[in-house]
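Line order of the protein sequences matches chains A and B.
full-length UniProt numbering applies: residue 1 is where the first sequence begins, and numbers increase by one.
full-length UniProt numbering applies: residue 1 is where the second sequence begins, and numbers increase by one.
Rather than coming from a laboratory, the hints here were simulated on the basis of the structure.
Where is the CB? At the ideal position from N, CA and C, for every residue including glycine.
Just to be clear, a hint being listed does not mean it is correct.
[Said to hold, decoys possible] Below, simulated BS3-like cross-link-like pairs (lysine-lysine); rule was C-alpha separation at most 25 Å, straight line:
(1) Lys57/A to Lys19/A
(2) Lys245/B to Lys72/A
(3) Lys72/A to Lys224/B
(4) Lys224/B to Lys76/A
(5) Lys224/B to Lys113/A
(6) Lys57/A to Lys18/A
(7) Lys237/A to Lys220/A
(8) Lys245/B to Lys68/A
(9) Lys76/A to Lys113/A
(10) Lys68/A to Lys2/A
(11) Lys68/A to Lys33/A
(12) Lys15/B to Lys76/A
(13) Lys2/A to Lys76/A
(14) Lys150/B to Lys18/A
(15) Lys224/B to Lys117/A
(16) Lys266/A to Lys245/A
(17) Lys2/A to Lys191/A
(18) Lys15/B to Lys113/A
(19) Lys118/A to Lys2/A
(20) Lys245/B to Lys224/B
(21) Lys245/B to Lys113/A
(22) Lys2/A to Lys33/A
(23) Lys72/A to Lys57/A
(24) Lys220/A to Lys19/A
(25) Lys224/B to Lys118/A
(26) Lys150/B to Lys57/A
(27) Lys245/B to Lys57/A
(28) Lys245/B to Lys18/A
(29) Lys218/A to Lys19/A
(30) Lys150/B to Lys19/A
(31) Lys19/A to Lys76/A
(32) Lys118/A to Lys15/B
(33) Lys117/A to Lys150/B
(34) Lys68/A to Lys57/A
(35) Lys218/A to Lys57/A
(36) Lys150/B to Lys15/B
(37) Lys72/A to Lys2/A
[To be verified] Sample of chain A residues facing chain B (criterion: CB under 8 Å; computed from the structure):
(38) Gly94
(39) Ala98
(40) Pro107
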Amino acid sequence: MKPTHTFQAESITAGYDKKTILHDISIAIPSNKISIIIGANGCGKSTLLKTMARLIKPTSGQISLDGKPIHKIPPKHLARVLGLLPQSPIVPEGITVADLVGRGRFPHHTFMKGWSKKDYEAVAEAMDIMNITEFADRNIDELSGGQRQRVWIAMALAQQTDILFLDEPTTYLDITYQVEILDMLTDLNRKYGTTIVMVLHDINLSARYADHIFALNKGKLVAEGTPSEVITSSLIKDIFNLNCKVIEDPVSDSPSVVPIGRHHNKSISISENPVIV
Amino acid sequence: MINDTILSIMDSRQKRQRRFIIVTSVLALISLALCCSMLMLGNTIYPVADVFRVLMGEEVKGASFAVGTIRLPRMLAGVFAGFAFGAGGYIFQTMLRNPLANPNVIGITAGSSAAAVFCIIVLQAGTTVISIASVIGGLATVLVIYGLSKGSSFSIGRLILIGIGIQAMLTAVINYLLLIGQENDLPAAMRWLSGSLNGAKMETLLPLVVIVLIFTPILLFFGKRLEMLELGEQAATSLGVDTNKTRLILIVSSVLMIALATATTGPIAFVAFLSGPIAKRLVGVGYSNILPAGLVGISLVLASDLIGQFAFVARYPVGVITGILGAPYLIYLLIRINRKGDL
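Build out the structure end to end from the sequences listed, making use of the hints.
Okay, here's the thing in structure tokens:
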């Protein structure tokens, strides 16, 4: 089981160039749990994830791991505890699956030291978890989108960090692969206790797979807690400007959002959320 | 099951490691053989034994002058410039993720050349001044291109396009200088522009040799980080690479090596452009190919120089031969990129 860490962002403000995107956000990541950041396009979900993973320097505020500011931790040391899978990493031309996954071992290597048994084990295990062992010697260019995403996640797993950030790991994937990947990440969390923090687009999948949800609106944290505490029709109205009805997910006990549009509504009026035409 | 996977990963990794070692050794042997040929061949052909004795410092009648004073500096100029062009070019191409992004195409070489031609024609300067000016010219061009392409966010495509634009401007400057230049300065300028090992002397080689010997270990050390940079800025950072520092060190080292090589031999066309892709083809991806690319650079320069010296009735400078070899590859690459539709 992975050790417990305290990972906190204290009143961080961040953005690109002169544009401020995050305003004074303070959050603490629940250790050994799955947290999902939700919010509308452009609300700063990705920026928050990237700032916490030290890809963006906050203009003010501090991010700390176990009480230590992350910019004071040597990059390679930090990379052994905290990993991030970016939204669109670049595939080097002609690289094989095993090679790419192997690059996740970089933070564990010291100069001149070759690959140890531990490295091979980590790569094999990561490929096994993501079920890509059969592709080991294949060229990444030959794989489908879903398979490719599994390879990238395997690379992040080979890094063997206690905390794993994923920036929209299921975007552009068919629903089958979205569920598959979220299931695999849940396996990872249950089996090893890996702390997972991700940005997801799909609100219902977020509600089902998250232990903890952070809801962002216009660069501010507006709600956090378990899915059933956070996902309410008024919150959805606030952050997505969408009328909806929140029902119980018929499959799991998580909340599920049913959107209300201008068309195709049953004639029975929906009491809590009158449809405004 | 897991054990089988471990074994198979180990197996393919070792296979590639073997391939890397074999290819690198073969390239080193080819380079060595070419070095020997450079020393042995000429108006008089000296046997290996004589060459060896000269290198050991013995006085051999006739051979001492031809081998020690003429052929040895020529060979060393080829070796160090070839390595600098090959390794530096590979680093640029890998870091900028574009086979077109190399010192020749993005104008560093043109900057060095323009400065050198200015010194030859306008200032009538000596070799030392020419060398220093061309290094400064090359570095200044890099700074200008980098500064202009920075904008609000760094873009590789913009860097390449601005580089091509700057190169066109500098070429115009060079042409203008050649037009206004005195007739007896022109051969020197032209020889410099085409890249040549003629007239290499031990004294003028020293700065290049020192820079290559200092920066090669640094580049090899950062080779692993260069592999991580290939995955993109964000992935590299999350793998624990300090991307800004790494990029700065890689750029400064390779630009210095290339600028000094250009100052010593002139721009030997296309070596920086061809070496990386050839090394990659031979070794395969997934490895830092800096060393093989440098060795390919040496082999290309020395082989082309031998061809230029002995294959034809007239003697051609090495840059003409590498130009003939490289131009078709550039055209091939442009056609391929055009089909794929991205820069």
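| query | Lys2/A and Lys76/A: Cα distance at most 25 Å? | reply | Measuring from Cα to Cα gives roughly 19 Å; hence the hint holds.
Verify the proposed pairing of Lys150/B with Lys15/B, using a straight-line Cα cut of 25 Å. violated, 41 Å
Just to be careful, I want the Cα atoms of Lys266/A and Lys245/A compared with a cutoff of 25 Å; is the pair within it?
Holds, at roughly 13 Å.
Do the alpha carbons of Lys224/B and Lys76/A lie within 25 Å of each other, as the hint requires? holds, 13 Å
Taken at face value, is the distance from the CA of Lys2/A to the CA of Lys68/A at most 25 Å?
holds, 19 Å
* To do: Would you mind confirming whether the straight-line C-alpha gap from Lys224/B to Lys118/A stays at or under 25 Å?
  => holds, 19 Å
- Message: Run the distance test for Lys57/A versus Lys18/A: straight-line Cα separation, threshold 25 Å.
- Response: holds, 13 Å
Please work out if Lys19/A and Lys76/A have their alpha carbons no farther apart than 25 Å.
violated, 30 Å
*asked:* Given the hinted pair Lys72/A and Lys57/A, is their Cα-Cα distance within 25 Å?
replied: holds, 13 Å
With a cut-off of 8 Å, does the beta carbon of Ala98/A approach a beta carbon of chain B closely enough for the hint to hold? It holds, given that the least Cβ distance between Ala98/A and chain B is near 5 Å, below 8 Å.
**Q.** Satisfaction of hint between Lys68/A and Lys245/B, Cα-Cα up to 25 Å
**A.** holds, 22 Å
Original post:
Taking 25 Å as the top limit, are the C-alpha atoms of Lys117/A and Lys150/B close enough?
Top reply: violated, 43 Å
Hint check: violations occur at hints 12, 31, 33, 36; the rest are consistent with the structure.
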